[in-house]
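Colleague: Okay, here's what each chain looks like letter by letter:
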Amino acid sequence: MSALTEICGSELASSGKTTVMISLLAQATQKHFCALVDANDSFDPSSALAAGVNFCRLLWVRCGKNQSKLKPMEQAFKTTDMLLQSGGFGLLVVDLSSLPERLVRKVPLTTWFRFSRVVEKQRAALVFLSQKPHATSCAGLVLHLKTNPAVWSGNLLTQFRLEAEIVRSREKKPTQSAKPGFSVPSQWV
Amino acid sequence: MFACLFAPDFSVQAALRLEPEDRREVLKQSPIAILEGPASLPRVMAGNEPARLAGIEMDMTRLQVETCGRVWLRKRSQANEDAAQMALLDCATSFSPRVESTAPGTVILDLAGTEKLFGRAQALAQKIAMRAAEFGFDLNVAIAGNPDTAFYAARGFTGITIVPAGEEAERLASLPVDVLSTSPEMRNTLEILDSWGIRNFRALALLPPVPVVERLGQEGLRLQKIARGETKRPLAPAEASADFIESFEFEEPVETLESLTFILNRLLQQVCVRLASRSLATNELRLKLELEARQLHSGENKEFYQRAWKLPLPIQDPKVLFRLVYLDLEGNTQPAPIRKILVQAMAVKPRYVQSGLFNPASPEAEQLEITLARIRGVVGNADAYGTPCVGSPRVLDTHKPDSFAVQPFSGLDEESDSSLPPTPVISLRIFRPAPETNVELAGEKPCSITLHKKLLRVLAASGPWRSSGNWWDATASWTRDEWDVALKTTEGVGFYRIYLDRIKNQWFVEGGFD
Chain A
146 MSALTEICGS ELASSGKTTV MISLLAQATQ KHFCALVDAN DSFDPSSALA
196 AGVNFCRLLW VRCGKNQSKL KPMEQAFKTT DMLLQSGGFG LLVVDLSSLP
246 ERLVRKVPLT TWFRFSRVVE KQRAALVFLS QKPHATSCAG LVLHLKTNPA
296 VWSGNLLTQF RLEAEIVRSR EKKPTQSAKP GFSVPSQWV
Chain B
87 MFACLFAPDF SVQAALRLEP EDRREVLKQS PIAILEGPAS LPRVMAGNEP
137 ARLAGIEMDM TRLQVETCGR VWLRKRSQAN EDAAQMALLD CATSFSPRVE
187 STAPGTVILD LAGTEKLFGR AQALAQKIAM RAAEFGFDLN VAIAGNPDTA
237 FYAARGFTGI TIVPAGEEAE RLASLPVDVL STSPEMRNTL EILDSWGIRN
287 FRALALLPPV PVVERLGQEG LRLQKIARGE TKRPLAPAEA SADFIESFEF
337 EEPVETLESL TFILNRLLQQ VCVRLASRSL ATNELRLKLE LEARQLHSGE
387 NKEFYQRAWK LPLPIQDPKV LFRLVYLDLE GNTQPAPIRK ILVQAMAVKP
437 RYVQSGLFNP ASPEAEQLEI TLARIRGVVG NADAYGTPCV GSPRVLDTHK
487 PDSFAVQPFS GLDEESDSSL PPTPVISLRI FRPAPETNVE LAGEKPCSIT
537 LHKKLLRVLA ASGPWRSSGN WWDATASWTR DEWDVALKTT EGVGFYRIYL
587 DRIKNQWFVE GGFD
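Going down the list, the protein sequences come from chains A and B.
The numbering used here puts the first residue of the first sequence at 146, with every later residue one more than the last.
The numbering used here puts the first residue of the second sequence at 87, with every later residue one more than the last.
Hints in this document: simulated from the structure, not taken from any laboratory.
One or more hints might be untrue.
[What the hints assert, rightly or not] These stretches of chain B come out as covered by chain A in the derived footprint (C-beta under 8 Å, 3 or more residues):
#1 209 to 223
#2 403 to 416
#3 476 to 488
[Said to hold, decoys possible] As a list, the in silico EDC-like pairs of lysine to aspartate or glutamate whose alpha-carbon atoms are at most 16 Å apart:
#4 B:K539 x B:E526
#5 A:K277 x B:E389
#6 B:K426 x B:E135
#7 B:K426 x B:E378
#8 B:K114 x B:D145
#9 B:K426 x B:E389
#10 B:K311 x B:E378
#11 A:K216 x B:D469
#12 A:K214 x B:E389
Nothing here was measured: the structure is a model prediction, and the numbers come from that model.
All residues carry an ideal CB built from backbone N, CA and C; glycine is no exception.
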């Protein structure tokens with residue numbers, strides 16, 4: 146809470162960041178109102194429903210769907226700014242992972258710094274999903290996710306084995322990178 | 087007891103009611119004339135006291151009025167006067183449920199049983215006058231034991247008049263008989279009275295009744311009873327209107343948003359004051375702008391701009407409504423100048439909610455509506471298929487993949503029956519729209535796929551999972567073979583869902599498991 150978190154993972158290869166994001170929303174919507182700023186409109190409501198997200202407490206903002214003067218990333222950042230100013234959301238997730246890496250890299254550090262300072266004063270968690278970490282020291286926690294070989298049961302994909310590496314943590318600096326692993330079953334198991 | 091609310095120079099007050107407050111105060115001191123009639127030769131049908139002092143009389147032409155100095159001229163608007171009358175009724179309804187719409191600009195209300203609630207007659211009259219000022223009216227208020235005495239006292243005396251029971255004749259005595267002229271048919275009777283030398287109510291009241299009836303008939307007797315304060319009649323209660331409509335027609339079409347917002351703000355304030363006076367709120371607001379058709383470019387046939395806002399909870403605050411409308415107008419430039427603006431609010435009962443100690447903190451409802459309107463201004467209202475861009479997702483009751491709707495986000499803690507206990511499951515990252523792809527098959531299984539312009543080898547494949555639906559509808563039918571595939575990419579193994587659209591006979595990538 147009250148910090149900026151980055152969850153990173155590859156876009157081309159499966160990394161499990163969307164699974165973690167949806168699990169996070171499922172947990173958070175049990176107790177809080179949450180907002181998802183979807184920069185490239187890639188959220189799957191069916192997966193979220195199966196994961197147990199309470200849709201009544203979720204605000205979904207789909208960016209990049211109209212012929213606006215603003216680009217999807219600019220729309221996402223503006224929307225996040227407004228939602229942070231509005232307050233009342235326990236969790237704000239900004240999904241930038243479908244955007245080209247070269248665009249997100251151009252976001253000035255001052256923007257990340259401003260978000261970090263605003264969220265510090267609120268009882269809210271601000272989570273960014275991206276391919277690589279960008280907020281540097283502005284982030285309270287940076288997680289890097291990747292998948293180990295998935296489990297196939299005969300002809301059926303049944304399980305993901307995720308590995309999360311804590312790249313940066315403001316609360317407790319890891320002396321060496323911790324890499325906890327966990328398994329996630331598929332919806333049809 | 088009955089109270090009469092009388093708005094002197096009602097047409098002028100109806101025209102001024104929607105002006106911004108500071109400007110209205112200035113205009114009240116200036117000569118104002120209301121014109122009516124054909125556009126080629128409009129004539130004065132009403133004016134205020136400064137206009138009368140400036141020498142402006144009824145039926146003067148525009149040219150004649152302009153010779154009297156600087157006069158503020160307005161065209162008569164029946165819609166404005168109707169809305170003003172409704173506002174006057176709403177003002178009266180906040181004091182008593184039994185209200186009569188006696189005449190344009192005149193309302194009588196039955197005060198029986200309201201003493202304990204609003205105090206004595208003088209205090210009540212002051213409260214009525216103050217409330218009317220919020221509605222933009224400058225009223226004469228009279229309280230008397232019968233409706234007609236209250237009516238003529240309000241017409242004849244300015245400010246607040248209290249007529250104690252039994253003193254009706256005495257208090258009305260000084261009124262001129264011209265006050266009785268409420269319709270053109272009475273003009274003959276009043277001329278006869280004038281020819282007899284009857285100038286005021288006292289003289290009329292002292293006439294012997296039988297000769298009056300012999301000469302003027304029952305109408306004469308009625309007028310005499312009014313002058314004596316002896317009439318008794320029941321009120322004809324007006325039905326409370328469910329329409330909360332306010333409109334304003336510009337003298338000159340306006341082009342800039344700034345010019346429009348002054349009036350828009352005033353209209354919304356009036357609507358909200360009227361709603362509040364009836365203990366109501368609105369959950370749907372409609373806006374209609376009439377555009378100057380002559381200035382539309384060729385090919386544009388949109389003479390109106392219409393917009394409706396459905397609010398998740400009833401709102402009474404004009405600032406919130408104004409902000410919502412303003413954000414919409416800011417994002418939509420009109421193709422022609424605006425001639426007329428109309429605001430309509432759908433009335434509902436306000437929502438009273440007891441906050442729970444253990445309820446999650448939620449965004450403040452009114453602030454949330456403004457925030458959502460601002461977000462819609464950034465990301466747009468809806469996508470190309472008409473699905474809203476901002477709201478709460480809902481999965482549709484269909485087997486068709488990626489079928490969802492977006493509902494308005496209310497910020498209210500509603501019980502959801504559909505949500506499951508939180509369980510981590512592999513989630514899909516959808517590509518919208520699904521990109522076409524080329525798939526090479528080995529036997530019936532995919533062996534390589536083109537993704538992001540790269541040919542990727544399939545390491546494992548699960549499928550085909552066949553599904554179809556809407557076969558009875560040629561335009562909406564779908565049938566597909568799904569495959570879940572593991573692809574070898576430069577960054578590791580990627581799990582994707584691909585499908586063959588059996589109608590188009592084309593492969594697509596639906597998304598990636600991530």
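Colleague: Now tell me if each hint is right for this structure.
Modeller: Do the hints match the structure? See the list:
With 0 residues bearing a CB less than 8 Å from a CB of chain A, the region 209 to 223 of chain B misses the requirement of three and the coverage assertion fails. For the region 403 to 416 of chain B, the stated coverage by chain A is not satisfied: 0 residues place a CB nearer than 8 Å to a CB of that chain, which falls below the threshold of 3. Judged by the Cβ-Cβ criterion of 8 Å, the region 476 to 488 of chain B is covered by chain A as claimed, because 8 of its residues qualify and three suffice. Restraint check for K539 (chain B) and E526 (chain B): the C-alpha separation of about 14 Å stays at or below 16 Å, so the hint holds.
For a cut-off of 16 Å, the pair hint linking K277 (chain A) to E389 (chain B) is broken: about 51 Å separates their Cα positions. As the CA atoms of K426 (chain B) and E135 (chain B) are separated by approximately 28 Å, the hinted pair breaks the 16 Å bound. For the hint linking K426 (chain B) to E378 (chain B), the alpha-carbon distance of about 9 Å falls within 16 Å, and the restraint holds. Distance check on the hinted pair: K114 (chain B) and D145 (chain B) sit about 21 Å apart at the alpha-carbon level, beyond 16 Å; violated.
For the proposed pair K426 (chain B) and E389 (chain B), the alpha carbon gap of about 11 Å is at most 16 Å, so the pair holds. A hinted pair counts as satisfied when its Cα atoms are at most 16 Å apart, and K311 (chain B) with E378 (chain B) does not qualify at roughly 54 Å. Proximity of K216 (chain A) to D469 (chain B) is assessed by CA-CA distance (about 15 Å); at most 16 Å being required, the pair is judged to hold. Under the criterion of a C-alpha separation no larger than 16 Å, the hint pairing K214 (chain A) with E389 (chain B) is inconsistent with the structure, at around 26 Å.
The earlier numbered hints that this structure contradicts are 1, 2, 5, 6, 8, 10 and 12.
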